[in-house]
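Sequence order for the protein chains is A and B. If you read the first sequence in the UniProt record's numbering, its first letter stands for residue 1, the second for the next number, and so on. If you read the second sequence in the UniProt record's numbering, its first letter stands for residue 1, the second for the next number, and so on.
Hints may be right or wrong, so weigh each one.
Example chain A residues on the side facing chain B (calculated, C-beta under 10 Å, incomplete) [said to hold, decoys possible]:
hint, residue
1, Gly75
2, Ala80
3, Glu105
4, Met114
5, Ser192
6, Ala194
Negatives, chain B to chain A, calculated, CB over 12 Å [claimed, not checked]:
hint, residue
7, Arg158
8, Asp359
9, His370
Calculated from the structure, these hints are not laboratory results. Only a predicted model underlies this, so the values are computations on that prediction, with no experimental measurement involved. Ideal Cβ positions, reconstructed from N, Cα and C, are used throughout, including at glycine.
Residue-level listing of the chains:
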Amino acid sequence: MSTATAPASAPATRKPATMAQALRQALRDALADDPHVHVMGEDVGTLGGVFRITDGLTKEFGPDRVTDTPLAEAGILGTAVGMAMYGLRPVVEMQFDAFAYPALEQLISHVARMRNRTRGAMPLPITIRIPYGGGIGGVEHHSDSSEAYYLHTPGLHVVTPATVADAYGLLRASIASDDPVVFLEPKRLYWSKADWSSDAPQSVPPLGRAVVRRTGRSATLITYGPSLPVCLEAAEAGRQEGWELEVVDLRSLVPFDDETVCASVRRTGRAVVVHESSGFGGAGAEIAARVTERCFHHLEAPVLRVAGFDIPYPPPMLERYHLPGVDRVLDAVARLQWEVN
Amino acid sequence: MARLSPPSPAAAGPAKRSARPAPKPPEAAGSGHTPPPGWHARIDPAPLLPEPEPYRLLGTPAARDLDPALLRRLYEELVRGRRYNRQATALTQQGRLAVYPSSTGQEACQVAAALALRPQDWLFPSYRDTLAVVARGVDPVQALTLLRGDWHTGYDPRARHVAPLCTPLATQLPHAVGLAHAARLAGDDTVALAMVGDGGTSEGDFHEALNFAAVWRAPVVFLIQNNGFAISVPLEKQTAAPSLAHKAVGYGMPGRLVDGNDAPAVHQVLTEAIERAAAGGGPTLVEAVTYRIDAHTNADDATRYRDAAEVEAWCAHDPIDLLERELRDRNLIDDAESKAVADGAEALAARLREEMNADPVLDPMELFDHVYAEQTTQLREQAAQLRAELDAEEDR
Ligand SMILES: Cc1ncc(C[n+]2csc(CCOP(=O)(O)OP(=O)(O)O)c2C)c(N)n1
Ligand SMILES: [Mg+2]
Numbered sequence: 001m002s003t004a005t006a007p008a009s010a011p012a013t014r015k016p017a018t019m020a021q022a023l024r025q026a027l028r029d030a031l032a033d034d035p036h037v038h039v040m041g042e043d044v045g046t047l048g049g050v051f052r053i054t055d056g057l058t059k060e061f062g063p064d065r066v067t068d069t070p071l072a073e074a075g076i077l078g079t080a081v082g083m084a085m086y087g088l089r090p091v092v093e094m095q096f097d098a099f100a101y102p103a104l105e106q107l108i109s110h111v112a113r114m115r116n117r118t119r120g121a122m123p124l125p126i127t128i129r130i131p132y133g134g135g136i137g138g139v140e141h142h143s144d145s146s147e148a149y150y151l152h153t154p155g156l157h158v159v160t161p162a163t164v165a166d167a168y169g170l171l172r173a174s175i176a177s178d179d180p181v182v183f184l185e186p187k188r189l190y191w192s193k194a195d196w197s198s199d200a201p202q203s204v205p206p207l208g209r210a211v212v213r214r215t216g217r218s219a220t221l222i223t224y225g226p227s228l229p230v231c232l233e234a235a236e237a238g239r240q241e242g243w244e245l246e247v248v249d250l251r252s253l254v255p256f257d258d259e260t261v262c263a264s265v266r267r268t269g270r271a272v273v274v275h276e277s278s279g280f281g282g283a284g285a286e287i288a289a290r291v292t293e294r295c296f297h298h299l300e301a302p303v304l305r306v307a308g309f310d311i312p313y314p315p316p317m318l319e320r321y322h323l324p325g326v327d328r329v330l331d332a333v334a335r336l337q338w339e340v341n
Numbered sequence: 001m002a003r004l005s006p007p008s009p010a011a012a013g014p015a016k017r018s019a020r021p022a023p024k025p026p027e028a029a030g031s032g033h034t035p036p037p038g039w040h041a042r043i044d045p046a047p048l049l050p051e052p053e054p055y056r057l058l059g060t061p062a063a064r065d066l067d068p069a070l071l072r073r074l075y076e077e078l079v080r081g082r083r084y085n086r087q088a089t090a091l092t093q094q095g096r097l098a099v100y101p102s103s104t105g106q107e108a109c110q111v112a113a114a115l116a117l118r119p120q121d122w123l124f125p126s127y128r129d130t131l132a133v134v135a136r137g138v139d140p141v142q143a144l145t146l147l148r149g150d151w152h153t154g155y156d157p158r159a160r161h162v163a164p165l166c167t168p169l170a171t172q173l174p175h176a177v178g179l180a181h182a183a184r185l186a187g188d189d190t191v192a193l194a195m196v197g198d199g200g201t202s203e204g205d206f207h208e209a210l211n212f213a214a215v216w217r218a219p220v221v222f223l224i225q226n227n228g229f230a231i232s233v234p235l236e237k238q239t240a241a242p243s244l245a246h247k248a249v250g251y252g253m254p255g256r257l258v259d260g261n262d263a264p265a266v267h268q269v270l271t272e273a274i275e276r277a278a279a280g281g282g283p284t285l286v287e288a289v290t291y292r293i294d295a296h297t298n299a300d301d302a303t304r305y306r307d308a309a310e311v312e313a314w315c316a317h318d319p320i321d322l323l324e325r326e327l328r329d330r331n332l333i334d335d336a337e338s339k340a341v342a343d344g345a346e347a348l349a350a351r352l353r354e355e356m357n358a359d360p361v362l363d364p365m366e367l368f369d370h371v372y373a374e375q376t377t378q379l380r381e382q383a384a385q386l387r388a389e390l391d392a393e394e395d396r
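Modelling step: build the complete structure from the supplied sequences, incorporating the hints.
Here you go:
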């Protein structure tokens, strides 16, 4: 399968594509390859979804395969459970992060545990796509980072792409997975571009593999989804301070790739976890603990976290004060006890 | 069995209530108003309305037409079911079952639901519906696996088309809708029947399931066992609706109201609903009016919230007595047959006692096997930890 580095580069057919286009292509290819795949959600049909990820799919595959459902998130996921019990492979779209909460009971009490409580007899291959995170000027309830709610629930995979190629590859892998996957799409990266072509053989990464996006030996920035571009920018800016920062993109929060993360931290001896969701009880807390438990004797400094504040997501006029940016990342790097050595 | 002919898909329920044309908009009715743009009458609610009183067969002239074989089968299952409930409750007192929500008093609903389904159909039970699960053919000991306190359902849902017993209230209803919808898309002749309690009808999932089912015209039947209580809370604190069956009308599906202690009546109403669903007529909501004779579970004290007089009144309307009276009146059963049925129920109870008294074989390592299709690194590490703890325990 894939290697631990970014996909091999460019055949001539590549041209600029957005993450939104790559996601749409992944859905289209999955629908075309497997008649069991069904796409369902609010406005995913005629409109193509509020972010247009499903644009044109209902026209191509018909309303029985790409379905505008009634407006009820628990009902959407609950009926998807029944469809999966009958052998289908539903791909559910939740319209926004904060509007996925009505489906939490179905997710936690059924989706996550049906395989287990039936001793493997009844797996639920459901993909739940959720646009998440801030930075798009959304009013309240449109910018939550909800990953911590999901990754705490055994039985779910939690996946989040940060690049155009991964958006395609990880979504294909998620739909192909026989386990339920919460697929978190960073809203503010929907319009990010990269040279990419769906015709070229894609490296479809297996779920649960992190990737080193930039190598360096001073410290490791551990991040995922919407914070990857921030970390890459910080790594570039850090050169002026004399730091060579390594950047690890987790891609999957569950399963967690301890191996790639710890190998990097053992090389660099320092680590900062970066995410935009609130820090307290967040993914960064788990990651920092895991790194400390496994790499303690290689660490030159405590593992630090750079996160959003522990406040309800602020309104668009103030969100820039909340979101971790390059400066906050570099401030944390500066606190990694360089002088002690 | 004399059954009302299956209604046409457009008709609401039994043939007696014919579909009427939708009412005319006010303008046409001569009011002189112009209705708002785009407004038009959608469907006529009248044919969707439930019967004014719970539908009855036993004790009515129509009972005479009922198929003797069906009546005998229902009777046998009711007697077995009651004995099963009593034995399971006894096993909780002996510490052999962690908990048992008895359906004593509700056996007619349990048995009729199981027997009305065809082999290709699916049953979606709640925690109180073990009898329906067993009457559908799931092994009576395996059906108790979760209630025994084990970690898995004990049976493969696909073997008998029986979903796992569901505890989070009403959450199994959208599953039934989704499964029925998928079957319909595949062109399969499959209906799903989902069971829920009166309290469960207040949950959001009840509403969402009914709405999806009606919009999708899914071949699904919802059976509410209105047993008067949600643990301690009586129906009047649960709903202000005229009846639970009336809720169907708001979704655009027919509601049926049936005496839940009249086994042939429940069987007939459910059979009609299943036939209607299979014929493409969409979902039906059935409210069966019944009573929970036992406490909520073995752990509950029902004297804290209800009178003995109320329980006595329902004991006088017992589902087994009602059916037995019919069988005796028509000479369809004699003492010897009645004893044979009782003996069969005793044998079932004896088997339950015997098998439940044996300690279950538990392998804690299995807890890591089915969380995911493939064990994660983390679960492998944790399994190794537990293995080491178990080994150390053995060495001690
Ligand atoms: C979502 C949810 N809330 C609360 C409970 C706890 N609970 C279990 S049974 C019950 C009462 C349900 O009453 P009803 O739906 O009438 O069914 P019955 O027990 O009478 O069969 C309650 C509150 C639960 N299982 N699920
Ligand atoms: Mg009740």
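Now the hints, each set against the structure:
Hint status for Gly75 of chain A relative to chain B: holds, with the closest Cβ pair at about 3 Å, below 10 Å. Residue-level restraint check for Ala80 of chain A holds (minimum Cβ-Cβ distance to chain B is 6 Å; threshold 10 Å). Residue-level restraint check for Glu105 of chain A holds (minimum Cβ-Cβ distance to chain B is 6 Å; threshold 10 Å). Restraint check, Met114 of chain A versus chain B: the minimum CB separation of about 8 Å is within 10 Å; hint holds.
At its closest, the beta carbon of Ser192 of chain A sits 29 Å from a beta carbon of chain B; the interface hint therefore is violated under the 10 Å criterion. Given hint, Ala194 of chain A at the interface with chain B, is violated; its Cβ is 30 Å from that chain's nearest Cβ, farther than 10 Å. A Cβ of chain A approaches the Cβ of Arg158 of chain B within 12 Å, the least distance being about 6 Å, so the stated non-interface status is violated. Separation of Asp359 of chain B from chain A is adequate, the least Cβ-Cβ distance of about 19 Å exceeding the 12 Å criterion.
Taking the minimum C-beta to C-beta distance to chain A, about 4 Å, the non-interface status of His370 of chain B is violated against the 12 Å cut.
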